[in-house]
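K.L.:
Sequence:
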Amino acid sequence: MRIIVLHTPKGGSGKSTLARELAVAATLAGRHVAMADLDPQGTTTGWYRRRTAPAPALVAFQPTDDTAQLEAAGLEWLVIDTPPGAPPWIGDLLGRADAVLVPVRPTPDDLLAAAPIARGLARCPAWAFVLSQVPPRSRLTEGAVRQLAALGRVAPAQIGFRADFPSAAIEGKAAVEFTGKAADEARDLFAYARQLLQEPTDDQTEG
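Using numbering that gives the first Met the number 0, you'd call the opening residue of the sequence shown number 0 and step up by one each time.
Watch out, some of these pointers could steer you wrong.
[Claimed, not checked] Each pair of labels, with its calculated beta carbon distance range:
no., residue 1, residue 2, range
1, E198, Q40, 28 to 36 Å
2, G11, W88, 15 to 23 Å
3, A149, A54, 36 to 44 Å
4, P87, P135, 35 to 43 Å
5, A52, R95, 22 to 30 Å
6, F160, Q40, 15 to 23 Å
7, A162, L139, 15 to 23 Å
8, L196, P53, 22 to 30 Å
9, D91, Q40, 16 to 24 Å
10, W88, A162, 12 to 20 Å
11, A85, L139, 25 to 33 Å
12, G41, D187, 23 to 31 Å
13, A148, A52, 34 to 42 Å
14, E198, A52, 22 to 30 Å
The set of hints was computed from the structure by calculation and includes no laboratory data.
Yeah, the Cβ is synthetic: ideal placement off N, Cα and C, and Gly gets one too.
Make the full structure from the sequences, and use the hints.
P.N.:
Below, the structure is given as structure tokens:
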């Protein structure tokens, strides 16, 4: 089982959006996926309650929990949404993660917070910044990529500031379940997460 954590101390950066898009994209690709909501605000939990599709599942999970039972149930991916700030258990959770994705808006405030985040993830085996809520045709984006690349890995997949993401969430769905640029971006994020996890491509699997 692979543990994928969405993490940033900054609030409002898009962790919950990326978590549900990634989990649903993985489900659509045939993975057995569950989500865990560690944020007391319960954004992911609220989304799940509005959802009518049976997958991905939402599981009760704490950072110190043994994953043996989840693995025995055949779970392949566990996507974890975390709260803003720095709860005392976050270091241990990040240490257990197979991959950590750090959503960052291309704003001065978010970029200022990126350096300490990078230092905190220095020992994680696989992590990357993901630009989220990216405005169209903005010079800020190019500068943000350069600034983040000086600190660590930057995902080539970007999540734009698109109405499809909140619109889908209202119905308990994900934008990746529809068509359009938002869906394409979510699929690109899933493909990058697979790369970060060093999962074999379909061609390699077949070979």
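K.L.:
For a quick check of understanding: which of the numbered hints are violated here, in increasing order?
P.N.:
10
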